[in-house]
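Undergrad: Using the sequences and the hints, build the whole thing.
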Amino acid sequence: MGGVLTIVLKRLGLGLFTLFIISVLIFGAVELLPGDIAEAVLGQGATKENVQAMREALGLDKAAPVRYFEWLAGAVTGNFGVSLISQSPVTEVIAPRFANTLFLASYAAVIAVPIAILLGVVVALFRDTLFDRVANVLTLTSISSPEFFLGYVLILYLGVKTGMFPSIATLNDNMTFLELLHRTFLPALTMVLVVVAHMMRMTRASIIALLASPYIEMARLKGTPGWKVIVKHALPNAWAPIINVVALNLAYLITGVVLVEVVFVYPGIGQLLVDAVTKRDFPVVQACCLIFAATFILLNLAADVGAILTNPRLRHPK
Amino acid sequence: MNYFVIGYYALLIGASCTAAHFQSRKAFLLLFSLTLVSFIVGIVGGESALWTITVFAGVIALCVGTSFAFREFLVIVGWGEFSKAMKTAPLTASFGLFIIGTYAIAGVFSPIIAPYGEAEIITSAFAPADENLLLGADQLGRDMFSRLVYGARNTVGLALVATILAFLMGAIGGLVAATTGGWLDQFMGRVVDVIMSVPSLIFALLLLSIFGTGVTVLIIVIAIIYSPRVFRLTRAVAGNVVVMDFIEAARLRGEGMWYLVRREILPNSTAPLIAEFGLEFCFVFLLVAGLSFLGLGIQPPTADWGSMVRENATLISFGEITPLFPAGAIALLTVAVNFVVDWMLFRSSGLKG
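Taken in order, these protein sequences are the chains called U and B. For the first sequence, position 87 matches number 87 in the numbering used here, and the numbering has no gaps at all. For the second sequence, position 5 matches number 5 in the numbering used here, and the numbering has no gaps at all.
Derived Cβ-Cβ restraints for the label pairs, each shown as a range:
#1 Val4(U) <-> Val243(B): 28 to 38 Å
#2 Thr102(B) <-> Pro236(U): 45 to 55 Å
#3 Phe22(B) <-> Val265(U): 48 to 58 Å
#4 Glu179(U) <-> Phe39(B): 34 to 44 Å
#5 Val41(B) <-> Lys222(U): 41 to 51 Å
FYI, nobody ran anything at the bench for these hints, they're computed from the structure. Even glycine gets a Cβ: it sits at the ideal position worked out from N, Cα and C.
TA: Spelled out as structure tokens, the structure:
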């Protein structure tokens, strides 16, 4: 097991390092502004005194590396500074919205993951039939459509025309869990459609690649029944790619959520990010970007570690 | 029961029987399962549901027919290699080529095709469709159809320029990295890793919040975000081809670097590169559309599909499908490109294995 542990630790270290580089990138990008934040936000009409006052308030008179480490230390302890527009602490604004986004993403994931893996295996078993071809065209269409197209089609047919689901996903505090699920069904379904298509294709590809390998042929030739070939011979080797597929798509869910949230006016972190970008509220933009990037890297990391841990060849070294 | 319903089932059952008689298994299964589905849907949804099925089937049949005719057309008109390739192409590929061709024509000749200017206000806001306004008017009273046609020029044009720029940057970087190697190769590889570890939409939003929204900024930002994919592919493909025996042979013949790239490396890497160009275009196009939809892409009054969806989105709650036209235009082009790319990938993998 020693070998596996070192590999996992190395991978974790690499992930942390990437995150560090990205935090430098996110911080450094704002430093690239012509002039500085104060001038950019206040505009050309601002008096010198105003700009100077804002610089002092933001601590812009210190050198960039000093401010970076202050920002990073704050970010690690959950303090992202103060919003330039609303003057309230960024963390207070983000926390409830991030929880909402996580809820929506996990809602979609709970529906999508089992369906996608099941369908992916079925499609792989029936490959090169009419069913496979139709599934191929449908998944390709779903992947290629922008999220807002799927979202508006669902709103039109399931929301407005039949009235089965509410087309705007606003939340309030005194909603029961069932109401919440009903209210957020359409945004979740939009993401499910995209993610299922992606996952199905990837699962199909990885299973087909496996079924072509010689040891599967061998198992078939010695007369093992079909289901046993899949369960005993194919699946142990298929876990790694499947876990990879799941983690990659969860990472996609976290970021693909931005457009879906805007379509359904869902109070999540994606919508917050878009608002902050339009208003040029840099502390909020930085915090949102860092959270998104961290989640994305974490999930990719989880994919890699999962692949290592489920790889029989690595678990039982010769 | 009226004539439509009777005719509907008579036609389906008759067609299934004919298919069964001629031992055509696939056609029979398709037609008969459609009949069974219609029974259930017809009972639940009534006659209107059957109409929907009919319209859907008609649209699909039209698409299949067009693709088939277009494939035959390309086989006859095409020359040499291309004509031969088209003979074995799946219908989806020729459908994709047909759609891409249509969009290209709409983009190039948009001032001739569009009946009105893209920013021309001609009637009241949200005016319904009539014989002058094919798809009605938008939120300011501009002709929706004309704006769609101009959008083919603006949106697709911008995505195309950004893709070409990303491709040039990535390909040149990849070739340089593959041929020089050493620390430069390592350094470029790490930079690419970092760019690819941030989700592209988030990265784009970060950069746009800093540099503001303008067409030039947009193109450069998107090119930077999407060049790493090309870089990796070019580096891998070029790296694989460079070590082949025929390159060694050409080197021994005394051929120069330019000859090697042009006559030996490029012909052996075109298929994956063209497929990658198509895929890359899809990603870029969807990102441009998404940014425009968020109000951070091409700025008004320029006609652009993403912002057209955003501006007319309120109509959806009145049950109007107007905002779906630009969104559908985006989806249709991406699907078409993907169909062609799928075929290209299949061909390149088929040739290899």
